[in-house]
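Taking the hints into account, I'd like the entire structure generated from these sequences.
Protein chains in written order, with my numbering: chain A, -2 to 367; chain B, 460 to 724; chain C, 45 to 332.
Bear in mind the hints are in silico, worked out from the structure with no lab data behind them. Since we're looking at a predicted model, the values are computed, not measured. Since no wrong hints were added, every one of them can be taken at face value.
Far from chain C by the CB rule (all over 10 angstroms, computed), these chain B residues:
1. Pro518
2. Trp520
3. Leu525
4. Leu533
Derived, one-sided and incomplete: chain B residues facing chain A with beta-carbon distance under 8 angstroms:
5. Pro619
6. Leu622
7. Leu624
8. Leu627
9. Asn628
10. Gly630
11. Ala631
12. Pro643
13. Leu644
Glycine included, C-beta positions come from ideal geometry on N, C-alpha and C.
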Amino acid sequence: MNRGIATRNSGLSVHIDGVSRRYGRVTAVADVSLQVAAGEFLSLLGPSGSGKTTLLMMLAGFEQPDEGRLLVGDRDLTHVAPNKRGIAMVFQRYALFPHMTVAENIAFPLRTRGIGRAERDEKIRNALAMVKLDEYAARKPAELSGGQQQRVALARAIVFDPPVILMDEPLGALDKKLRQHMQVELKQLQRRLGATVIYVTHDQEEALTMSDRVAVMNHGRLVQLGFPRELYDRPADPFVADFIGDMNLLPGTITAASGSACTIQLDGGLAFGIAPHPLVAGAAARVAIRPEHVVLSPARAGAPGLQGRLTQTVFNGGTTVILVELPGGTMLHASVGTRSEQAALQPGAPVVASWAPDQAIVFSGFAPPA
Amino acid sequence: MTSRSIGEWAFRAACLLVLVFLMLPTLIIAPMSLSPDNYLHFPPPGLSLRWYRAFLFAPDWIDATLFSLQVAALTMVASVLIGTAGSVALVRGRLPGRQAIEALLLAPLIIPPIIVAIAVYLQFAPLGLTGTITGFVLIHTALAVPYVVLVVSAALQRLPPSLELAGLNLGASRLTCFRRIVLPLIAPAVLAGAVFAFLASFDETVVSFFISGTEHKTVTRKMFEDIEFNLSPVIAAASTLFVVATIALMVVANASRMASKPQKN
Amino acid sequence: MTTTGRATAFRGQLSLPLTLLLIAPLVALLAWTFFLPIGRLLLTSVTEPTPSLDNYRRLLTEPLHLRVMLRTLLIAFGCTVSALLLGYPVAALMARPGRFWPKLTAICVLVPLWTSALVRSYAWIALIGRRGVINTALIDAGLIAQPLNMLYTSAAVLVGMTHILLPFMVLPIFSALLSLPADLPRAAANLGAGRVRTFLTIVLPLSLPGVFAGCLLVFVMALGFYITPALLGGPRTLMIATLISQQATEALDWPFAGAISTVLLLMSVGLTVAFRRVLRLDRVVAHD
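Now the structure itself:
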């Protein structure tokens, strides 16, 4: 029954339909709906406790949703036992069976599916070649490095041609260099297989690098779903703005609004920005501006922007971060090219900070539900 | 010599004395069992296997030993089956009142054996269970099963649940996961639990003393009687054999438990 | 964080019916062969011969029985103190880094633990009996003419029980000392403390949970000890467990035996429950 799906060579779509999961009074996942296209690489991104892993566990069948449905292709999996779902999972710490060799680990899903010996050996060979571990078939997991174990876990997950692969922070245990390398490899592998991947991570850089689309979760809710560029440039709320990339979030009061453009009174002066939602003058708001979009210049009387004082410059390689203290004590970060004139400003110097109006996003009150 | 090293040597000497105290009785029965004399001289005037011969050719000793071995073997099998199933339920199950059950499991280790002995005698006697192999195996299993549960559930707790989840995810049923993944990984702990259970039964004295019949008595009851009424070096010979066998079994159990632990260093 | 923790704990759990099925034999066995008989024994103490507290009144008014209980408490206390004094240095030696001493200590502690109490009590009789090793040796050496009376005394019971219970003192202390980070004594030394001060201010306080667990274990086990007092003690060293056995087998007064059992049980279980936090029985069984 599973084999019909298992031997198909391309991904299936995944439909998460109004899924909720509660533990006593705590809501781990709150009414999440999400469509993942066949062959798409989608990341579930959020801090710990945001519900992303619980959602993944429900897809794998280790948890039952209290409400909602889960569909893969047109098959409703909501009440299907985990071992009958036919979708693969790569675990956080790999979950390799320590008493079996690499080949036996990879053979495991083939045996449970009753695949004959000849076909099994062929598939194991292919899977090992796919992750470049041909030589290691007879080793035990404990004899492999972390990166190699990670590849075995991957081989075990792809060997039965699953239409969907779930990954629970699979690179979390690797060091930074290896992680970056594996990100590229994982992505290439996914393209070659055409499988749908749902990838849980709390590392926003990883999510932006690898994913076709990213679903950001917080407190059990789906807060924003979009392309990586979209999330970076047009965060839907202050949480996403703050969580993805570096962001200044400056508190202020709206003085004038027309359409999406508005003027806002901040600590140190007036600034401009655009808002994703209609605004009312006089409301409290926050301006989100990326450090690389902040333009600094030496203070001149009457120059438009925020008046402040440069307190520190932090050398970061190709860029330098400049910390500016605004009159009320708010700190503003600006990121400038290390060789730029701005980087040469000295601590203590009075400066004016400004930005192009369409680079700044203004959030007022609570974002209405999308 | 510095004061520090004098202190150190005094400390070691004191420890050595305690270690001798600990080992002395155990070490004394072996030479005694080899003594040719009826009374126990130390050092023995010569070496003789007389008392071993006496042990091996005494039908009452051999019958009691065989009976004890039989009870211990059955107790071991029963405790491992019941204890392993219980451990799985305790560690992986959805169990209301788990802590209460865990606390009650420790009772056989804490409640004084004399109370158990008398209570069990009162329960078993009217049912005709005293002096029967069923009766012995029942109560010995109750006394030995906590050891199995302690050792096996510790091993289960060390096993990451993700291994079983991975097994399920890869298409195996619960039973297959247990057979192919969990059982091989906890096998050393199960073996250690089996050895503990076997020894707990074989060494059990107080309850056995009370529920032994004239027909079926355990070797501990036989030994207890002989120590009280007829102190002969045959007891030393029997004890030496049992101590050597016990140590051999424990070495196996410990080696097996060590092998199951993840390498720490 | 709490959500994640709870969620993880729930994942992959067995269903309730399967769990109950797996645990049922264990619970049934313990209930029928263990808790039910003990419950019935304790019950007879208030129902027979007549439903009253007479058995307890008798136990608490007869000087003989009071003396037995007092003696049991004293011997148990003596065992605990002597086991602590002898056991702490040994545990310290066993927890040291290095190969030879810790290994030797571990063997000397574990081998007696694995030897049955019966065999060890017998060995003590062979050592200190009238015609035992010590007396024969002393007479052979011409130091004494008549054998010394060592067996069947309180001292014999105390020594024998201390010997048998000593490993139960050493192992929890060892376990506590082993979990002490090696950096702490080093840090103390680095901050100028000498060896004695380091021990008194750092090592000893941090090993107290182990000391406490060891003392509790030894005391509770000593209270109900049967074999050793029965074999090494005489009529003047009667302890509670032996009294229970006498009442049951010689006087055939089961209800009274039940009453004494209730008192003993209240003491051992009461102490254990009161201090269960410090008593990690699994550490004693699963010693490494």
